[in-house]
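Enquirer: One letter stands for each residue in the lines below.
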Amino acid sequence: MALMKVKFDLKKRVKLAQMLWLMYWFSVMTGVLVFSMGLFFKIELRKRSELMDNNESHFVPNILIGVGLLACCLNAFGGKICYDSLDSTKFAKWKSILKPFLICCLLFNFLLIVTAALCFAMRIPLEYTLAEGLKNGMKFYKDTDTPGRCYMKRTLDLMQMEFRCCGNNNYKDWFEIQWVSNRYLDFSAKEVKDRISSNVDGKYLMDGVPFSCCNPSSPRPCIQQQITNNSAHYSYDHYTEELNIWKRGCRDALIAYYGGMMNTIGILVFMVTLLQSAVMIGLQYINTSLSTLVNPEDPESESEGWILEKTVKETFTDIMAKMKAMGKGNQVDEGANEEAAATDS
Amino acid sequence: MVVGKMKFTFQKRVKLAQGLWLLSWMATLGGAVTFTLGCFLKTELRRRGEVMDNTDIHCVPNTLMIVGLASMGIDYFASRICQDALDAGRFPRWKTLMKPYFGCSIFFTTLMLISVILSYAMKGSLESSLKIGLKNGIRFYKDTDTPGRCFQKQTIDRLQMEFQCCGNSDYKDWFEVQWISNRYLDFSSKEVKDRIRSNVDGRYLVDGVPFSCCNPSSPRPCIQYKITNNTAHYNYEHETEELNIFIRGCREALVNYYMGLMNTIGAVVLSVFLIQSSVLASVRLLQTSMEAVAGQENVEIETEGYLLEKGVKETIMEYVGPVLNLLWLNEVAPPAAEEGAAGTTTS
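Top line first, the protein sequences correspond to chains Y and G. In terms of the working numbering, the first sequence is residues 407 to 751. In terms of the working numbering, the second sequence is residues 2 to 348.
Incorrect hints may appear among the rest.
[Unchecked claim] Far from chain G by the CB rule (all over 10 Å, computed), these chain Y residues:
1. 420
2. 431
3. 434
4. 464
5. 490
6. 497
7. 502
8. 510
9. 527
10. 531
11. 551
12. 589
13. 590
14. 620
15. 622
16. 704
[Stated by the list, open to error] Quick list of in silico lysine-lysine cross-link-like pairs, BS3-like style, CA-CA up to 30 Å:
17. Y/596 / G/191
18. G/227 / Y/578
19. Y/545 / G/227
20. Y/596 / G/227
21. G/191 / Y/599
22. G/194 / Y/596
23. G/227 / G/132
24. Y/411 / Y/545
25. Y/730 / Y/501
26. G/227 / Y/609
27. G/227 / Y/599
28. Y/653 / G/227
[To be verified] Not the full set, but computed from the structure, chain Y residues with beta-carbon under 8 Å of chain G:
29. 564
30. 603
31. 627
Hints in this document: simulated from the structure, not taken from any laboratory. Since this is a predicted model, take the numbers as computed values, not measurements. All C-beta atoms, glycine included, are put in the ideal place defined by N, C-alpha and C.
Sequences are here, hints too, so could you generate the full structure?
Expert: Here you go:
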């Protein structure tokens, strides 16, 4: 008893083929879309690779690019088959490869589901990479004269301005590192000597942040030095002053940005999976309806189409039996060879 | 004296009609592109509308949008005309529409050329508008508590960060304006009192700039206060320090940005203008060559097509003449009436 059996006459077959052809071309375009999203994601990761310690994994965008290209090829091929299915002479040459093609499509669907899951799961390793990368980035902020690190200051400043964030977890991270280079510190001044002697490592620490942490929406000119000192500035209370500098940490900001991007891509890939399943089922119907013509010579005769020839359970047991037979076949051959060798000798 | 006379065989007419059909669809696309570019330019101008004093510059995108829509209509009609042209039975119904169609088309095509010229010519107007707008923006920077001006600070800060510029002509404009609000000045401190007494208007002037003038590419943390005082900062000389703050003025930055935009748009619209003119010339040639066929039994005869029946001057008089007559008619009539009145009185 077949799964989801449907009766087809010529009109219905033609309609199915036409609709399926359109759907295949739409799927080609979604394949291009997946490819371009993978490319975009790769470029975005590359742009900020300095902040990820040059350590980020490009596995997911590479898979997206591959899947996009594969989807384009498979769907273009499927569209050609649909186009030829209306003409019985042209369709005859595709008949033999249709079954392997459908199995390929099924495997491709599984690959798409895995890709979608990966998109959602990539958030976790990205979070760790970003935390590590930002911490090191801030440490190298002052090293604008060290080759290989001279652009870290610019990268961090531009990032803090673009993503409206300050520091790693929050702005207080800047209080714990020396972000002013020794080249610009007057070591003969009393203030500098006091600050350096006030901590174990001899670092020049201050309760100030770089200018890129400043919030343009603040009603007053930006206070970036002596932030925690209320008496240093007129009419200032750093507990209630919310608009002065960005409160959010850059790790949260970047995770939100990349997480949003990955969620969108994951949802898109999932919808592409659904579309691919629909066209695969459609192609199976075309395949079965064209091979079960009541009168093989007359193209206008009725036919039946189905998804699976037997029920799911029976099909599954059939496949298992086939695989067992293949395995047993090897053993029987070996056994026969041994017997033959034994009888010969 | 005919302008642009050409002989057309039947085959040539057919080819002309086919080529015109393709060209008119290209021109329709060009018209759509023109309209889109006009919308884009208008959006960009509106985004920075707060630092512009007047909206005179908006005539460029407005003209582009009108011309884009008009040319889409003109080219749609051109494609319909050329589709009907090869059918001698259907072509005559366009006869009455031809003259107004050409009048409109030439008007809008000249308007397209004018818009290209305008996009280059409006630079001076844009610059003066920006000069006044930025001056006001910098003056009202501190008024974050005054309704209607509370977002000037945010606008100017974001502008300076995005366009990498500082001040109006350059960063020194900030030295001449009090950009720190009185709300945040401690009037009991000696330093504040000194500064306020040091100038006639009683303003708190500093040789400092807002944080948005800071250049992220600078190797040292930004120096925004006491910029001209070399001793206030270690290892600092403000004459040689180039990367500390942005040197360029925002007026120059904005003018460069918008002129670059308008130059690109001008080049694209000029090519659309050329396509549009060739469409019009082809429609005229097709119309005149088909008119000679009308009424003939054999539609495959050779005919002549021309651009203008008479010379350029005479054709202009033909079109503009009726309009002028209408205007002059009022002047000519009263003297004639007076003469008639004088004549009757004398006789």
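Enquirer: So, for every hint listed, does it hold in this structure?
Expert: Right, here's what the structure says about each hint:
no.	hint	result
1	420	32 Å, holds
2	431	23 Å, holds
3	434	24 Å, holds
4	464	27 Å, holds
5	490	32 Å, holds
6	497	37 Å, holds
7	502	44 Å, holds
8	510	40 Å, holds
9	527	35 Å, holds
10	531	29 Å, holds
11	551	7 Å, violated
12	589	7 Å, violated
13	590	5 Å, violated
14	620	5 Å, violated
15	622	4 Å, violated
16	704	43 Å, holds
17	Y/596 / G/191	24 Å, holds
18	G/227 / Y/578	27 Å, holds
19	Y/545 / G/227	28 Å, holds
20	Y/596 / G/227	20 Å, holds
21	G/191 / Y/599	28 Å, holds
22	G/194 / Y/596	28 Å, holds
23	G/227 / G/132	26 Å, holds
24	Y/411 / Y/545	67 Å, violated
25	Y/730 / Y/501	27 Å, holds
26	G/227 / Y/609	26 Å, holds
27	G/227 / Y/599	23 Å, holds
28	Y/653 / G/227	28 Å, holds
29	564	5 Å, holds
30	603	18 Å, violated
31	627	5 Å, holds
The earlier numbered hints that this structure contradicts are 11, 12, 13, 14, 15, 24 and 30.
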